[in-house]
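Enquirer: Given next are the chains, with one letter for each unit.
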Amino acid sequence: MGAPRGIRSPCSRGEPMVAFIVRRLLQSVLVMLTVALVGFALFTYVGDPVNNMVGQDTSLADRERLREELGLNDPFPVQFARFVVNAAQADFGISYRHGRPVEDLLIERAPATLELSFAAGLFALVVGVPMGIYTALNRHGWLSKAFLTVSLIGISLPTFLIGILLILVFSVWLGWLPSFGRGETVQIGWWSTGLLTRDGLVALILPAITLGLFQMTLIMRLVRAEMLEVLRTDYIKFARARGLSARAINFGHALKNTLVPVITITGLQLGSVIAFAIITETVFQWPGMGLLFIQAIEFVDIPVMAAYLVLVAFLFVLINLIVDILYFVVDPRLRVQGGGAGL
Amino acid sequence: MAEPLLSVRDLRVTFPTRRGVLTAVDGVSFDIMPGEILGVVGESGAGKSQTGAAIIGLLEPPGRIASGTIHLEGERIDRLSPDKLRRIRGRRIGAVFQDPLTSLNPLYTIGRQLTETMRTHLDLSEAQARDRAVALLGEVGIPAPADRLDAYPHQFSGGMRQRVVIALALCANPRLIIADEPTTALDVSIQAQITALLKRLCREHDTAVLLITHDMGVIAETADRVAVLYGGRLAEVGPVDAVVNRPLHPYTEGLMACIPTTHDRPPRLAQIEGSMPSLRAMPAGCAFHPRCPHAFNRCVAERPPLFDHPPSAAACWLWAPEGARAAPRERTAS
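Top to bottom, those sequences are chains A and B. Counting in this note's numbering, the first sequence runs from 1 upward without gaps. Counting in this note's numbering, the second sequence runs from 1001 upward without gaps.
Same shape as in the complex, but just chain A (with noise of 0.2 Å):
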């Protein structure tokens, strides 16, 4: 029926989901190489990393020794296949500030990043698409209202203005939930967890309902537009005149029909998340990957920022992937596997 609607899947009908994949897999690595590009022209564009390493007194010769060493003045492309071939073996050098592996530091702030985000996108769905549903079906309620107005507030306020509001409100005045840190998390293997303590759960509350407002908001207003638009199709009309139930008709039928653009943007907007966890980790403190990259621009800790770029895009690309393959999920149509078609 291919009615022209909002977001519609990329992939174009009756190509075959391997082929799909394949073509996927490669426009990936043509963006992870152009990201690539970037992060490494950091380190030859933004100040001299000789200089960032040693000391004022080293020797000219020192230096030149040094730079020979480091492979600086092998030409450009040389340095930038190398730069490839170790990120792509997630070796990022040394950071300047902690002397120690960016990977390891990375693996270390990656846990807190990673549940702040997807408990971010949780609360964002949890509570975007019922209200999302709730407004598009009682559109004239005053609750969906209440709903829509609350939802202005929540897409036009910086990220940063409302974290500090949560505090204001919940630590400063009511003193109910802390107000920076991750509190108290449990390790596993290399994992760390807050998920597994009061303490840890108590901490995630605010900082995960501060970046996941506006998701919430999107993801709602979203829903809402949709869900009209699918209840306007003639397939709900003609559901409504087999006389099946309210319930089936909007739960079963026209969510359904919603969830390809939903999906779409959510899942895009994961990767969003995770790369604005940046705002958030720094109001509130939270050791994770975001405020590591703050605090690497403030000391040009070149090596950690182009790592945190490469893999902010590496997080991209893999859940646009995912993104993508989902569809092949939700919709049959775009599932043709030879046979059955027109009869």
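One or more hints might be untrue.
Residues of chain A placed beyond 12 Å of chain B at every Cβ, according to the derived structure [unchecked claim]:
1) Arg67
2) Gly71
3) Ile94
4) Leu114
5) Gly154
6) Trp176
7) Ile249
8) Ala313
Covered by chain B, according to a simulated footprint, are these stretches of chain A (three or more residues, beta-carbon under 8 Å) [to be verified]:
9) 237-245
10) 253-266
11) 318-328
Okay, derived cross-link-like pairs now, DSS-like style, lysine-lysine, Cα gap no bigger than 25 Å in a straight line [claimed, not checked]:
12) A/Lys237 to B/Lys1199
13) A/Lys256 to A/Lys237
14) A/Lys237 to B/Lys1084
The hints are simulated quantities; they were obtained by calculation from the structure and are not laboratory data. If you're wondering where the values come from, they're calculated on a predicted model, not measured in any experiment. Note that CB positions come from ideal geometry on N, CA and C, so glycine has one too.
Given the coordinates of chain A, assemble chain B onto it according to the supplied hints.
Expert: Only chain B this time, still in chain A's reference frame:
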């Protein structure tokens, strides 16, 4: 005569809008007998589809039934609660819509849509419902129905999808099917098949049909009786043979003259001068009088009631028993 299955009396459907109340259906009355196929014809905007939607309680807001009554098997259904009406839809009145390409949910297999409908209305297990779905698909002419149960709508052609839609309408063995332009969106070659299928199934299941169409050809082939709508009002109603061959209302007469025939080719296809008035500017008196070749004073001043002229009835002053005119015009059978 037996009690009618569906009895519509003085149905008025209105749409309150900012610029005044539009009357889409204005005082329409008709009966459908059990197992009968009643064709409803008229131009776009004549109120055909709104009549159908009003019967199954699916008028698009702000449309509503302003007055009149609808009885199904003696039970009044136009004032029922939404939930009670829902239980009638699909169970006692099935529906077939115009476009089979958009009537089916693209994300569910046709088997799931069939069993879902059955299990909503009938006390069946999933396995029983599947068996019944296979039987029903076979009945509507889907080849290898057991294999096709798990196919998605996009894997069927338009004609096949309309067969699935008909199967869905017949799911719970309703006494009446409202078929709104069931063949309009289909290829001409498929149209005849679908019409024949609908006719055969309704005969076998003893299901009555309200067949809404603008295609007189479909009506002539399928219907037992015809109701002609014009400007939201009933112009003429009668047995299909009488309405087609001996139309009473000048509008019906004009409509019949518009049907192209294969023998005696006229140089040009006949057409009725002018166009149907908009709902916002319905003329006083008979709605058809500005286009009517036989209009006289009374037609402009007064709206004609339905005059019985067995076997048909027409809302036209030409057929007033007496007084309106000295003598009704002598009519020639075409």
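Enquirer: Among the hints numbered above, which are violated by the structure, and what are their numbers in rising order?
Expert: The structure breaks hints 7 and 11; every other hint is satisfied.
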